[in-house]
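Visitor: Chain by chain, the residues run as shown.
There are 4 protein chains.
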Amino acid sequence: MDIGMVGLGRMGGNMALRLARGGHRVVGYDPGATARGAAPELETVESLQALVEALPAPRAVWLMVPAGAPVDSTLDRLLPLLQPGDVVVDGGNSNYRDSERRAARCRDAGVHFLDCGTSGGVWGLQEGYSLMVGGEAEAVALLRPVLETLAPAPDRGWGHVGPSGAGHFTKMVHNGIEYGMMQAYAEGFAIMQRKESMALDLAQVARIWQHGSVVRSWLLDLATDALERNPTLEGIAPYVSDSGEGRWTVAEAIDLDVSAPVITLSLLERLRSRENDSYADKLLAALRQGFGGHGIRPG
Amino acid sequence: MDIGMVGLGRMGGNMALRLARGGHRVVGYDPGATARGAAPELETVESLQALVEALPAPRAVWLMVPAGAPVDSTLDRLLPLLQPGDVVVDGGNSNYRDSERRAARCRDAGVHFLDCGTSGGVWGLQEGYSLMVGGEAEAVALLRPVLETLAPAPDRGWGHVGPSGAGHFTKMVHNGIEYGMMQAYAEGFAIMQRKESMALDLAQVARIWQHGSVVRSWLLDLATDALERNPTLEGIAPYVSDSGEGRWTVAEAIDLDVSAPVITLSLLERLRSRENDSYADKLLAALRQGFGGHGIRPG
Amino acid sequence: MDIGMVGLGRMGGNMALRLARGGHRVVGYDPGATARGAAPELETVESLQALVEALPAPRAVWLMVPAGAPVDSTLDRLLPLLQPGDVVVDGGNSNYRDSERRAARCRDAGVHFLDCGTSGGVWGLQEGYSLMVGGEAEAVALLRPVLETLAPAPDRGWGHVGPSGAGHFTKMVHNGIEYGMMQAYAEGFAIMQRKESMALDLAQVARIWQHGSVVRSWLLDLATDALERNPTLEGIAPYVSDSGEGRWTVAEAIDLDVSAPVITLSLLERLRSRENDSYADKLLAALRQGFGGHGIRPG
Amino acid sequence: MDIGMVGLGRMGGNMALRLARGGHRVVGYDPGATARGAAPELETVESLQALVEALPAPRAVWLMVPAGAPVDSTLDRLLPLLQPGDVVVDGGNSNYRDSERRAARCRDAGVHFLDCGTSGGVWGLQEGYSLMVGGEAEAVALLRPVLETLAPAPDRGWGHVGPSGAGHFTKMVHNGIEYGMMQAYAEGFAIMQRKESMALDLAQVARIWQHGSVVRSWLLDLATDALERNPTLEGIAPYVSDSGEGRWTVAEAIDLDVSAPVITLSLLERLRSRENDSYADKLLAALRQGFGGHGIRPG
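Chains as they are written, first to last, in the UniProt record's numbering: chain A, 1 to 299; chain B, 1 to 299; chain C, 1 to 299; chain D, 1 to 299.
Simulated from the structure, these hints should not be mistaken for laboratory data.
Just so it is clear, the structure is predicted and the values come from calculations on it, not from any experiment.
The beta-carbon is built from N, C-alpha and C at its ideal position, and this holds for glycine as well.
Be aware that a few hints might be false.
Selected chain D positions facing chain A (in silico; Cβ < 10 Å) [as the list claims (entries may be wrong)]:
no.: 1; residue: Asp2
no.: 2; residue: Trp123
no.: 3; residue: Gln126
no.: 4; residue: Tyr179
no.: 5; residue: Ser278
no.: 6; residue: Leu284
Now the stretches of chain B that chain D is said to cover, found in silico as 3 or more residues with beta-carbon under 8 Å [said to hold, decoys possible]:
no.: 7; segment: 243 to 255
no.: 8; segment: 260 to 268
From just these sequences and the hints, can you work out the full model?
Guide: Written as structure tokens, this is what we have:
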């Protein structure tokens, strides 16, 4: 089918390519890049208007722009160009409450809005993406050919999970789980690394676990690769960013009165990784000195 | 090759069977069961002495008995029957410090001792086991045919990871990671389950994630099965046991001065799942009443 | 001085009384109660209008109504009755962002708004309240006589801590700390209670710690009282409510990229105390059965 | 009464002094110091033997030496010098299981052993110590005059809490609670410190809370002092030591199947404060790069 892809960065570019290679006609537009070298398989245009004009009605426009304001500003410019019956898909990591709001806004304009949680990262191009779609069934049916191509296989790795917002909600939780799993592996390997008396080969241990163990997973495959390339992880700062979904998951869990200690602590550890002069720890040191006369380290 | 298997329970019985099906001659003995129906592929005997006598030297005897005292008492009876050059493998979930001690004890008797961390659970029979082996290279070489059969494939899923204790050490950490991963999934699904307004089909979400997502894993495959069979998990008490390795991992991390909050909290949540009348929570309620006049629930 | 008190519940009633006993003229009004038996020391009126009319300009009106919508709806009705130069104080547990917003709204009407975090609970009547005030210095100066009376002593236990919002911000953090301290005591006493072999008298231990120990505190005094009255805490359900400030503290910490694990876990434990059928724990039990064949408890 | 004090360091020296000032005859001996300037109120001797000879039977010898091996080695040398009916008190931060063992050892020699948890730090000299005593009632009765003097007042701040080990057990839990409380304050002040837009005066906030607030405590008094002296805590490294009781409390809680997340996380945060090159965080950064192409910081 014909589809417009707005945003041709790391994720959008790869998705456009997977679609093109899958036989779809992809019209790409990147708001930020004028001269970005898009793949030759892609037909690219220089404006949203050109993108809309290049597509037959009902149009399908997939947004792969950064979450937050960029989605709203793209919608601001895109909606007036669309017609009732067209479909906009937000495939980025938007907050699900924003998606609920945007779906209502599109609905007022007669345009369908789908929120599609997209997992798979840079490997999606070759392995396919896991796609959780929220919105109206009618619009999902329209996008089905595209979803079947983006997914690892036509009948797996994608699904219509619920009403507007449900796609990004489940993706948010997915990322919360991802934080917890990553932290669990990271802690385990750190314990083994610290057990110097055993001189364990961590890449070997990871490789063993890839087959037959209870902890085998795709993340473990990645960890194995990382440890084989760089067992000491030298040159990598112990600084862990986060891009929002973990925070949202923690906030949502609390809103729902669900205790989620592991997902929560995984987020806090990331915050902690970015502290190199913790006021809290300084105060603890000062208090220990205060009551016990324990020495403090000059800092 | 010829191998004796001591302990024919859920794990040992399946391992013996996988070995027999793989062409090895397995002599089985179960200390606890007199009339347990062992698989017809297995040759079983009625005593440790008979087991030892049925094996050619150098003998290989694999212990698959409960961790702790049963391993020591089995060694007490087995060691006098063995000869220098024989090999004893402990494939259970023993504490690695016990394995270090037992290896020294066997060494004094001229007998090799291997500690083999074994992962794979009830699925190992068909899928193979992940095996982390600690001990002397010479003994590992002797056991190689058996390890290659137990593993998912001869060249993967098993390895000699280090000196005595290293097999059970890495298995301990494996289980700590397992706790963290399980807890991460459990929290994520609990958040989705509580989001009643979205009426998510949790089995569907799990199934989508199995393909292409960052959180795909074997544990997720099991979760998908569990949720498909019983989406509401009714009939299952929210009571989570633990069998020791998580506690050891937490203690080891602290001994090594490694902060492992996620593995630690995963253990604490299991303890918490078994509290139904928390004194701590009662005291919190009493304190809130004490300073704020907040009502307490009668309990 | 003259002051109006809106809200004569557990907190407001006591504060009005302390002010009256301290020589101030307190005009009380309770939006919710028609026939509540207010203390005879208080002059009460039947409407906001009557309250405003009973006060000389510049008027001081202290709100002690539930946080959230009640504060806004009270302001809706009160502001039109006030004149430039009057002062409204919100002494409740409002979210500091609401206070920032309300201060701006009042400022537009020429009315001063102070946000006053108030700690002390039901004991404040006799012991005085700890008061953290945010807003303009001019308005704080006007309220000084009242603040000096409400505080434990004129020169201690109260202060002007910063701009609008700062009073409720510091009170929010105060409550976050309170959660952490309470949880620390609760866990400690729970550990001792579980150590049955020592048959410890927990009230005695608490009493010992009240004098000379590092953990002595007012909360420990309350814990001692609670344990002396009811050492087994029988009749008290292990169910711990929360009234919002803890959640806000956790959210604020994350917004500020501050890792605050203890305050956070204190909140999560309260959520956990209210779960009696945890879906997460059920899924953990199902997973353990899935990979290890471990039995589950029927539930 | 007459008492021997073995160990005249920061704690032992002060305790000896408080006893001497309270009218007791204190014979001091410090195993480590030859020329340490002991207070002139103290009578000091140069050997354990001289100390024992200087005391009338039944002798009371108070040990204030570092926990662990020093207590055992002191007992090794002391026990042969004592007679049945004499009393040894271990007032240090020993592990309660060691105290149970030592009590049995002393009992075999006819000597009483008391384990005395001692709280109060460097402030105990002037304010008195909080003392939790475990052991036989008969020995506690013998030591009563000394305990009454060490405590803040004869009838408060000390008690016989249970059998041998109970004194150090309750002190261990006391310190676990202390960790949690300290961490709660530290996190709260760190949140306020990070809220730069409010420019809060943290010493002022602490001072306000000292009077009338729910979080007032002796630790808060110390925090106030620390913040008044050094509001930015500059010159203090964010490095927090621990001296063992927190670890023991965490281990004990797990042994007892009690979930104590706040005490546990307080310990982990201390471990974390000492990591400046976390392998776990490096692996997290590597994994994020692996699946999402997210940049890593060079380190």
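Visitor: None of the hints should be skipped; say for each whether it holds.
Guide: These are the hints, each one checked on the structure:
1. Asp2: Hint violated; Asp2(D) Cβ to chain A Cβ min 28 Å, cut 10 Å.
2. Trp123: This interface hint holds because 7 Å falls under the 10 Å limit.
3. Gln126: With a closest approach of 13 Å, the Gln126(D) hint is violated.
4. Tyr179: 9 Å, holds
5. Ser278: 4 Å, holds
6. Leu284: With Cβ-Cβ at 5 Å, under 10 Å, it holds.
7. 243 to 255: holds (count 4)
8. 260 to 268: Contact hint for the segment 260 to 268 of chain B vs chain D: holds, 6 residues under 8 Å.
Going down the numbered hints, you'll see the structure goes against 1, 3, while the others check out.
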